[in-house]
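Asks: Sequences listed follow chains A and B, in order. Heads up, the first sequence is in our numbering, so the first residue is 1 and it goes up one at a time. Heads up, the second sequence is in our numbering, so the first residue is 1001 and it goes up one at a time.
Worth flagging that the hints you see were computed from the coordinates, not collected in a lab. As the structure is a computational prediction, the values presented were derived from the model and not from experiment. Hints are not guaranteed to be accurate.
Unchecked claim - So, partial list: chain B residues that the calculated Cβ filter (under 7 angstroms) puts toward chain A:
{"id": "1", "residue": "R1360"}
{"id": "2", "residue": "L1388"}
{"id": "3", "residue": "Y1399"}
{"id": "4", "residue": "A1401"}
Cβ atoms here follow ideal geometry from the backbone N, Cα and C, with glycine treated the same way.
There are 2 protein chains.
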Amino acid sequence: MNIHDLIRELQEPNDSKIVLLVADGLGGLPLEPGGKTELESARTPNLDACVREGVCGLSIPVLPGITPGSGPGHLALFGYDPLQYRIGRGILEALGINFEVGPRDVAVRGNFVTVDDAGRITDRRAGRPPTERCVAMCRKLQTIRVPGVDIFVEPVREHRFVVVFRGDQLGDAVNDTDPQQTGVPPLPARGADPPSETTAHIVNQFVAEAARVLRDDAPTNMVTLRGFARYPKIATMHEVYGVRPVAIAVYPMYKGLARLVGMTVADAGSTLADQVETLRRLWDQFDFFFLHFKYTDSTGEDGNFAAKVEMIERLDAELPRIRALGPDVLIVTGDHSTPSKLRSHSWHPVPTLLWSRTCRPDAVTEFGETYCLRGGLGQIPAMYLMPLALAHAGRLGKYGA
Amino acid sequence: MNIHDLIRELQEPNDSKIVLLVADGLGGLPLEPGGKTELESARTPNLDACVREGVCGLSIPVLPGITPGSGPGHLALFGYDPLQYRIGRGILEALGINFEVGPRDVAVRGNFVTVDDAGRITDRRAGRPPTERCVAMCRKLQTIRVPGVDIFVEPVREHRFVVVFRGDQLGDAVNDTDPQQTGVPPLPARGADPPSETTAHIVNQFVAEAARVLRDDAPTNMVTLRGFARYPKIATMHEVYGVRPVAIAVYPMYKGLARLVGMTVADAGSTLADQVETLRRLWDQFDFFFLHFKYTDSTGEDGNFAAKVEMIERLDAELPRIRALGPDVLIVTGDHSTPSKLRSHSWHPVPTLLWSRTCRPDAVTEFGETYCLRGGLGQIPAMYLMPLALAHAGRLGKYGA
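Kindly produce the complete structure, drawing on both the sequences and the hints.
Replies: Laid out in structure tokens, this is it:
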């Protein structure tokens, strides 16, 4: 049986409030054998207080050994099996800039790049142009017309933009035109099946026109496209869980992921303090609150152990304001690990804390990867955190007589 | 989604080396309440050093409570779901003696047995004849002809041989003719479906002829057959994982299992020291090394606790030579437990150690069943060890954007 079918059958909405606080890339590694992880090194008195009252464990985003991107990592935390629901990057980027993608759309992430006279890529990010230039270049691309489709080009930030091709019978089994290296030209698009061949044909016309309209605009004189994706059909969190969910995130990608599962996306400001203030402001209007904190991941990706520790401490410092609102369930976890030692996402299980008045206590007294090994949640697939949250919120009835 | 499809998509071959050291039947039980297991009793300074740098846990070969044979146990360690891939004993035995089974073949394991004048079995292993006699008896069986099929009879060792029936439309849903007891005659073969009825009819003719040609050869004057099996279609480890795998095993069964998943089978000598020398010799030619150590299982099956402890210590003594080669990932585990207290395979989870430079430390400092309970791997299906090995070897890309 599909777990969503089960939850739909068992859900019993009530007035409880659930907060899912995602510290992106929370899990880490010690720099030296015998050392501590970032989370273990951080001074986290408020998280530790939660840990002592709640239950801890480690969540496995996809499967042991599998390193998730942000999409699968978050879908799992929202209770959607990340192996069943696969979301292409193009869709995520489009959702993240509030573009209303629909069933006739194929979306793709675009990069402005620099090419030399022979058309070979010399900079895959066009020197990271200011966002204003990105906007101006997108305005040029918006003049391109290809018969049979509507084309929407929208800036994201710096070198990044989104293209949406809207038409009938468009497939998304199209390769990236980004060759992932310099010294070679962008790749032509090819479709793996007839509808995707249609898309590829349109894409190649668009790219040829883009080269023409941008030819005098070095360093932003060419584009690459990656992550062609159709809009997926996904039941909303309200349908499945009976909650009224809101996303309080700063970065587009996470807003997009939230919108995909039917969350309202709040205007969350730009700092964690803004986000917590937004949470307070919206407290009476919603009952499921997804707070996304980006900087535990970005400091990890930078390989900056000390900065990641500091970001964790900053998160800890905001916790009392969240708890003061009186959530019935508070989960603190990550969508994956991003050890600063590895400077990238990793497969390591993610430290997880669930606080509610109905937790069975375990022996864990501090928040950290090694301590969580002794936690009452054990090591569980991340997609089961959502049923656990609903259960602790009194929102799930009994299965079977 | 099938995990193999996922891994095929994510695999990123590199120059890393993975060693999978399988101590057959490694897991055990204490003889007395409060006592230690074989592994906990053994002095294992080298394994313990690995444990302190690596991550430990317990692997569950099939499902909790399910006792695996060598086939499912090893398939799981190779990352093949043992409930999806089912390999009959006949195929394993045929592979183990280098017999080239193909898609038209049904293979079966044969035993020479002793029967009395009434045809009742008096010794199910014919007094364990010397292998030379097995060869001579097989030569007699090779004279048997049955219309419609080619029959191949090959000696294994002592009382054991293999028969392969090659023909069209042969099924393998045929019962064992071995009644698993003495005092009764061998059972007739019966097929559970039309193709298997064809096979059974042929088998019964073969057995009748075997009784005739061996009638003066007591104690090897009859045969029993068990484990009828067709050749399964299995993707190779190279296809799924992108590794170049080699098996360094002494016993035919394990060579056969390795060949089934596309491993090259090395000439490994006959002792563990030979095997480690083979590993050293082949180090530059392959990147995945399966070392199989039989004697932890056979001493367990003998019920010899002290001998099993000694075998574990012998294994431990070879570990420095393996580590000196500089593997990127080293896994030490078993394909199942074989507690000497039970004198048989068992369902108990198997102590498992994974060493690499990217392990998140846990609190385990000694190798043993009880210590592994606190390990960072938790208790996981054995089939996930392979994705974990690939992840730690840097051989898996990110799943999703």
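Asks: None of the hints should be skipped; say for each whether it holds.
Replies: Hint-by-hint comparison with the structure:
1. Proximity of R1360 of chain B to chain A holds as hinted, the smallest CB-CB distance being about 5 angstroms (cut-off 7 angstroms).
2. For L1388 of chain B, the suggested interface contact is upheld, since its CB lies about 4 angstroms from the closest CB of chain A, less than 7 angstroms.
3. Against a cut-off of 7 angstroms between C-beta atoms, the interface hint on Y1399 of chain B holds, since the closest Cβ of chain A lies about 5 angstroms away.
4. Interface restraint check: A1401 of chain B against chain A, minimum CB-CB distance 4 angstroms, threshold 7 angstroms, status holds.
Hint violations for this structure: none, all hints satisfied.
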